[in-house]
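Chemist: With chain A fixed as given, assemble chains B, C and D onto it according to the hints.
Quick note, the sequences are listed as chains A, B, C and D, same order.
Residue numbering for the first sequence follows my numbering, beginning at 24 and increasing consecutively.
Residue numbering for the second sequence follows my numbering, beginning at 24 and increasing consecutively.
Residue numbering for the third sequence follows my numbering, beginning at 24 and increasing consecutively.
Residue numbering for the fourth sequence follows my numbering, beginning at 24 and increasing consecutively.
Derived by calculation from the structure, the hints in this document are not laboratory data.
Note that this is a predicted model, so its numbers are computed, not measured.
Nothing false has been slipped in among the hints.
The list treats identical chains as interchangeable, and a pair is accepted whether it falls inside one copy or across any two copies.
The calculated lysine-lysine pairs, modelled on DSSO-like cross-linking and capped at a C-alpha distance of 27 angstroms, are:
hint, residue 1, residue 2
1, 238, 189
2, 26, 342
3, 238, 26
4, 282, 124
5, 128, 282
6, 342, 232
7, 26, 232
8, 187, 232
9, 232, 189
10, 456, 184
Protein chains: 4
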Amino acid sequence: MSKHLKVVVIGGGSSYTPEIIEGFIQNYESFPVREVVLVDILEGQKKLNIVGNLAKRMVEKSGLPIQVQLTLDRREALVEADFVTTQLRVGLLKARIYDEKIPLKYGVIGQETTGPGGMMKAFRTIPVLLDICKDIEELCPDAWLFNFTNPAGMVTEAILKHTKVKSVGLCNSPIAAYKWLSGLYQIPARDIYCEFVGLNHLHWITQVKVHGVDKLEELLNNRDGYSAKNVPQFEWNAEFVRSLGAIPSYYLKYFYLTKELLEEQLLLLDQEGTRAEVVKRLEDELFELYQDPNLSEKPKQLEQRGGAYYSEAAVHLMKSIYNDTRDIQTLNVQNQGILDFLPADACIEVNCVVTSHGPIPLPVSHIPTAAKGLILAVKSYEQIAIEAAVTGDRGLALQALAIHPLVPSVNEAEHMLNEMMQQHQLYLPQFFKS
Amino acid sequence: MSKHLKVVVIGGGSSYTPEIIEGFIQNYESFPVREVVLVDILEGQKKLNIVGNLAKRMVEKSGLPIQVQLTLDRREALVEADFVTTQLRVGLLKARIYDEKIPLKYGVIGQETTGPGGMMKAFRTIPVLLDICKDIEELCPDAWLFNFTNPAGMVTEAILKHTKVKSVGLCNSPIAAYKWLSGLYQIPARDIYCEFVGLNHLHWITQVKVHGVDKLEELLNNRDGYSAKNVPQFEWNAEFVRSLGAIPSYYLKYFYLTKELLEEQLLLLDQEGTRAEVVKRLEDELFELYQDPNLSEKPKQLEQRGGAYYSEAAVHLMKSIYNDTRDIQTLNVQNQGILDFLPADACIEVNCVVTSHGPIPLPVSHIPTAAKGLILAVKSYEQIAIEAAVTGDRGLALQALAIHPLVPSVNEAEHMLNEMMQQHQLYLPQFFKS
Amino acid sequence: MSKHLKVVVIGGGSSYTPEIIEGFIQNYESFPVREVVLVDILEGQKKLNIVGNLAKRMVEKSGLPIQVQLTLDRREALVEADFVTTQLRVGLLKARIYDEKIPLKYGVIGQETTGPGGMMKAFRTIPVLLDICKDIEELCPDAWLFNFTNPAGMVTEAILKHTKVKSVGLCNSPIAAYKWLSGLYQIPARDIYCEFVGLNHLHWITQVKVHGVDKLEELLNNRDGYSAKNVPQFEWNAEFVRSLGAIPSYYLKYFYLTKELLEEQLLLLDQEGTRAEVVKRLEDELFELYQDPNLSEKPKQLEQRGGAYYSEAAVHLMKSIYNDTRDIQTLNVQNQGILDFLPADACIEVNCVVTSHGPIPLPVSHIPTAAKGLILAVKSYEQIAIEAAVTGDRGLALQALAIHPLVPSVNEAEHMLNEMMQQHQLYLPQFFKS
Amino acid sequence: MSKHLKVVVIGGGSSYTPEIIEGFIQNYESFPVREVVLVDILEGQKKLNIVGNLAKRMVEKSGLPIQVQLTLDRREALVEADFVTTQLRVGLLKARIYDEKIPLKYGVIGQETTGPGGMMKAFRTIPVLLDICKDIEELCPDAWLFNFTNPAGMVTEAILKHTKVKSVGLCNSPIAAYKWLSGLYQIPARDIYCEFVGLNHLHWITQVKVHGVDKLEELLNNRDGYSAKNVPQFEWNAEFVRSLGAIPSYYLKYFYLTKELLEEQLLLLDQEGTRAEVVKRLEDELFELYQDPNLSEKPKQLEQRGGAYYSEAAVHLMKSIYNDTRDIQTLNVQNQGILDFLPADACIEVNCVVTSHGPIPLPVSHIPTAAKGLILAVKSYEQIAIEAAVTGDRGLALQALAIHPLVPSVNEAEHMLNEMMQQHQLYLPQFFKS
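Bound-form chain A, shown alone:
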C-alpha cells in the first residue's frame, strides 16, 4: 500500500459524501488519507460541485493535509488509487420511482433492492460497475473496491465472478444491529459478538454474546429495536420468531409479512408517493443545506436519509485493511463453502476477519433450517438475474423474475418484465442489441 493514501469515491456527488469525509477526518490518525477524489458524471456535475465544496470546507476546518479533488474524468481519477468506493444510482431517483411503482400495479412489492424493482436496478447497475472494474484492472489493479451500490450483494457477486478486482460489498444493517444492541445493553459495540448468517438484505442473527454470555434467547422475546428507517415497522409474530431461534433482519419482513407490506406500500403510494419520491424531497433539502458557504460539517439532517453508517462501515474497513487489525466485520464476500448449501462463488453476508490481505470469512455455528430455504430461493434468483444482467438474455430475465419468492406467477412476471424493460430501455443496452 502506498504511503500516499488515495481514495476515489465514484458517485462523489451523492448526498452521503459529507459522511465519508467526516469519517476520514475523524480517523486520520490511524488512516492518514492524503487524497480524496470525488468522481461523478456530467448529469451529476451540479451536485458534485455543491457537495464537493462542502467537503473542501470540512477538510479545511479540520486543518488536516487531505486534498479533495472533484472530477468528471473517472479514468484519470483511478490512477494509483488505494481504495475505491461506489455510491451511484444509474438512472437516478427517477428510475427508482418506476422500480417501486410498476410492481405494485401487478400486486407485487415494489422495492429497489429485491423483487422486480431490485432486479431492474441490478440490470441497470451491473454493466456500469463491470466497466468501472475494467478501469480498475488497468489503472489501479491492487486497489480495493468497496461496493455500496444496491443490490449490493448481487453487484458484488457480479464483480467477483466477472473481474479480477478485489471487491467487498458493504451494508449498513449489520452496524445498525450493533448500535441497537450497544444501546440496549449500554456497553460498547466491541464488547458484543453477533453472528450473521445469510445474504445482503436477507440475514438472520444467530448468536449474540456479551463477554461470552449468550443473549440470544432473551432477545428473541424483545422484538423491537433492530429496524430501519426505510422498512415499515411491523411487529414480528412472537411465536414465530422464538421458533426460528434467530433474529430476522428487518428486510425479511418483505418475505415473512408480504401481504401486510404490500398493503402498506399501496396505502403510502396514495398518501405520499413512492419512497423514491420521499427521498427526492429529502435530498433536495439536503443539497439546499450543503450550498450554505458557512456550513463546514456534516449536517444532522443527513442521518434521516436512511443510509446511516454506510460511510462508517467504509472507513472502518479501510482502516482495518491498512493496519492489518484483524478485527471482525460483517461483509459481503464470496461464500467459499461457508454456507454449504450455496455455490462457492455466491456472494454472502457474513462475519469476516479483516487482514491486510483482505477479509477472511468465518464459519457459522449453525444455520436455521427455515433460513436455508429462503436463502437459496433468493440466491437462485440472484444467480440467474446476474447472468441475465451480464448477457442480456431475456429468457433468463424472465426466469429470474418468475422464480423470485415475491412473484406469484410466471405470466405476471412476463407482463411486469415487459413494462419495466420498456420503461428502463435507455439504461439496458444489453437487452436491446439490435
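Modeler: Then chains B, C and D, alone, in the frame of chain A:
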C-alpha cells in the same frame, strides 16, 4: 426373502385395491405372491368387504394359488410379511375437504399434498405411519414398506428418520412421464431414459434420451402431454420453460402459476365443490360397481380416479427387489449426498437402481439453478413440518407454514393454522396433549 | 450409433488380440460388429501380421460377416469408429524391465502400475494417449474410448481432464473377483452383487450380497481365492482383514505387505529376472503358436498371460452401451462426488450403471476409514504425476515420486528419478525440451 | 467467567511449570489470575514439591496477589476452575524409552508423538484424560481445558468426541514459526500473518504475509530456520520444497526423510541412548537447580528442554478468551468443514480467531495436493487409534498401526504391537480386561 411371498396392504379397503390385485395376477410368473392380506380399520370395514370380495373373485377367475385375506387386525396381518404397502387416509375424504377448503378462505391454494392442506395431512398421517412401523419393526423387521400415502415424500422422510423400517416412497407421476413419452415417440418405455431431479410432487425432468440420443430440447418446445387428471391444465409459458432447460412436473404449476391456479380453485369450489368432494362421488360410484357379484376384474372407470399407475409402480418395485433385476426406477429415498445442497437425510425423488438389497440412488447429471431454490425452500418447510408432526410443537407448525412458498404472511399462517388445528383436532392428539 | 458397428484396436498386434476377437465372435448376436481394425506402429508390424492373420482365421471359421483389417495408419483407422480400445506399451517390454529393476536398486518395489515404475510408465504413456485422443476428437468424436493401458486409472484421468473424448478405464480385477465368488458359491456371477470402493489397482470390496443376503463377514474369514497371477501370493493377516471390514484387492499387498513383497521381488530377480522378462518369454511362446496357420481359435496358453478377462470386460461394456442394458459394471470413471474426500475430477474405480449414454457411477454405501487414507495418499501422487506427465515439469515429477507411499525419502526419490529419467529419455520428450 | 480467576495445572510437578508461572506473572495486568493449583499424582509428589516451592518463590518475588497451591487431590483442585491445563506423562519418561526403542528393533522410527511410539503413548494417555474430563464435566463444566499432552491432536480429538468439555489442543511449533520469521525479518510477530494447514505435528505453512505482502516464495528458497531442538536437522531438498509450494513443518521430516531419520536414530541410540534418556538427564539437572532456595525465577536452562513456548501459548490463549480479544492463534480444534476432505469431527491444527466463547477456525486459502494425501493417511490412522484407545479393541490397534505411513508391513506391525503391548501392559487396562 421367504419362498411363501406375503404382501400386506394397509388401507386395503381403498378403491385402488383392484389395481394392485390385477398387478399380482399379471405378474405372477416373475413375482409369485402366495398371500395377500387386506387390512383396514373398523370405520372402513364395509368398504373392505366390498373390495375384498371383488379381489377374491379376481383371483379365483385367474386360477392362481393366491390367498386373499381380509382383516381388521393389523398386527396379526403383519407377521412374516415380505412387503407392506400403505394407502390410507386418516380422517377419510371428509378431512381432505377441510384441507382444500380452509386455505382458500385465506387466499391460499388448498391442496392435499402441499401448502397448508398438505401440512395438515402430514400431521394426521405421520404418527399413524410411525405406529405401523413400530409393528413392522417387531413383527416383520425384514419387510419392505412401500408408502403411497401423501404427502408421500414427507411421510417417507419421517419413517426413514424415526424408524428402522426399510421404506420407499412411491408416486405415479414418474411412470406417467414415461407413458407420455412412450406414446409420443411410439416406442416402449424401457427404450427411454429420463432423469428426474427434485422431491415428491416437485420434480423436473432434466434428461430425456432415446437410445442414447438427447430429446430434451425438442420436448422443451412441446408443452402438452405430461399432465395429470388432478392438476389443472394450464399451458406453460414457452420462453420460461426453454430458459429453465428442464421439463417441470405438472405439480410445479402450484408454484409457478400460483395466481392462476388459485383463481381456478375458487371458481371450481363454486361450481363443483372441492376436489375431495368430486373424488367422493367418484368413489361412491366405484364401490357401487365393485359390489356387483358378477364383476371379477378391475373396472375401466378406476382409471379416471387420478391415481393411475400407483399399483403398477408398487408391483414393479416388488418384482425388482425379489428378482434383483437392477433396473432403474424413480423412487423417494434418502438423499445421501445426491442433491448436494440438501441434508443427507432428506427424502428426494430420484432415479434408483433396484437391487435385491434395495434401491441405490443415481447421481444426477445437473440441477437447474432455478430448481435448487424451490427445492430447498420446500424441503425446509418439510423438515420443520415433519418435526412438528412428530413432536406436536405448535411453534414449529407455525414456522413450517409461515415459510411455505405458497403462504404470503406469518400472520395469515397463524390464522389458518388456528382454524385448521381446531377442525382436525380429533386426528392431531400430538398437538393437544393436556 | 451407426448401424455398421466399427471397433478400432490400437496396439492391435498385442498378444491379447485373439481374446477380444473371440469376444466379438461369441457376442455377435447382441453386438454385431462389422469391422475390426487392428492398428499398430512400425516396430510392431511383424507381431501385427501374425496376430492379425490369426484373427482373420478365427473370424473366417466363425462364418460371421466381420471384416478384420490390419493397418499402421492410425488416423485412417479411426474414421467413423464407434469404439476404440487401447492396449499399447510405449517402449515395449524392454522399458518395463527398467520400471521393475531400477527401483529395486534403491530398496523400493519395482512394479509397472504403481510406485516409481508405474510413474515412469505413466510419463511415457500419457502423452501418446493424449495424441490418440486428439485424433479421436477430430475423426470420430462420438466414439467411446476404452483404455486398458496401465496405469489405467492415471491414463484415464489424464484423458478425462485434458480431452473431450468419452473415455472409460477398464481393469480385469473386478471381473476376477466375480469369477472367484461365482466359483466359491457355485452360482452365476450375475446373482452376486459386490461393491467396489477405491482406485484402479487400489480397491476394497465393501459389500458382497447373494440374492440380497450379506456374505461379507464370512468372506473376511476366507482369505484365499481373490488373487492374481502377477501378484505374489502372501496370506493376509486374519485379524487385520477382519478389523478392516472389507476385502482388500490383491494389489493392496504392495502397500500392506511392502517389506515381504520387496524381499520376494529381490529373490525372484535373482532366480528368474523381472516379471517383464518372464512375460517376454511367455509372449514369444504365444507368438510362436499364433503363427501356426492351422490355429483358428484362441489358444489356452493365453490365459496364463496375466491379463485374463480384459477383453471380456471390453466386449461386455460395448454390448451394454450399444443395447442400453443398464447393468452394473465396475469401471474407472470420474469421481463427481462419489468418494467425497477426493476431487470431483479424480478417476476412481467404482460400480456404474451402463446406459446408452455411458456409465453412471453408483454411490457407495460406506468407505472404510483405513481405505480413505491410502486412497487419498495414492491419488495425491497420481494427480501430481499426471500434471508432471502433461507439463514435463521435473519438480512435479520429483514431488509425485517423493510422496508416493512406497518411497521412503525425498533424497532417494531424487536419485531414482535421475536414473530412470536418463534410461527412458527417448520416450520422455516432454521432460527433455531443450 | 468468575472474577476470581482460577487455573489448575494437572501434572503440575512437570519441569515446565516455572515457565507457566512466569507467564502468569508477566501477564497479570491483562489476565489477573488469583489462584494457581498445581496437581500431581503420588509418584510425582517429590517433584511437585520442588517445582511448587520454586513457583511460590517466583510469585512472592513478583509481589502479586496470586495464590499457589500444591495438591494430590485432583477433584478438589478442579472445583470452580476457569482454566485447566494438562502436561502429564502416563508411565513417565521410562515408558517413553520403550516408545522410542522398540520400533527401532523393527526398522521403524521410534518417536513419542507419531508412529508406533506415538500410538502407544495415545493408548496410555487418552483414558487418563477422559477421566480428568469426567471430573471437569462434574466439577467445573464451564472451564476451558488446554491440552498440551502429546500426541496433542489425537488426545484433543478423543476429548472432543467423547466428552462435553470445552477443549483446545496446544502446540509450540506454530509459535516457533512466528519467532523464526520475526527474527528473520526483524519485525514483531504480530506484523506477520502465516496460514497453517494440517494436523498437530503435521502442518504446512501455505501463506506468509508481512503487511499484506507475500513472502512465501522467497522463503521456499530459504530452508533453514524453522526447526526444533528435538527433531534432527536435515536440509530440505530445494527442488522438492519449491515444487510443494508450502513450508513443511520440521516434523514432516519423519515422513519425507524417513530413511535418513531412521539411520540417525539408530546412530544416536548407540551414542547417547534414546531422546527420552537424554531428556531424563536434562530434567534431573533442572530439578537440581529448582531445589535451590535462592532461585526465584525461571532458569535459562529450561529453554533447552525442547518444549519452549508451550506456556507462552497457554497464557496467550487464556488472555484472549478472558478478554475477548479476537486475535488469530494457531490451535488444535474440530475441523467442521475447514479441511473438506477430512471428517467434520477430526481435530486439525489451524488458524483460529479467539473470542470469549472460544476459538473459531478460519478457512484456509488452499491446500497443497501433496499435503492432502499425507494428512488423510495420518488422520485415518489417528481415528482408528483413538477408537482403539477408547474401546481397547486389539484388532483396531493392529489396523491403526498397520496403516501408519511409517510402518512397512502388517506383519511387522503385529510383532511390534505384541512387544509394546506387553511392555506397557500396566498402563493399558482397556486392552487387558480379563
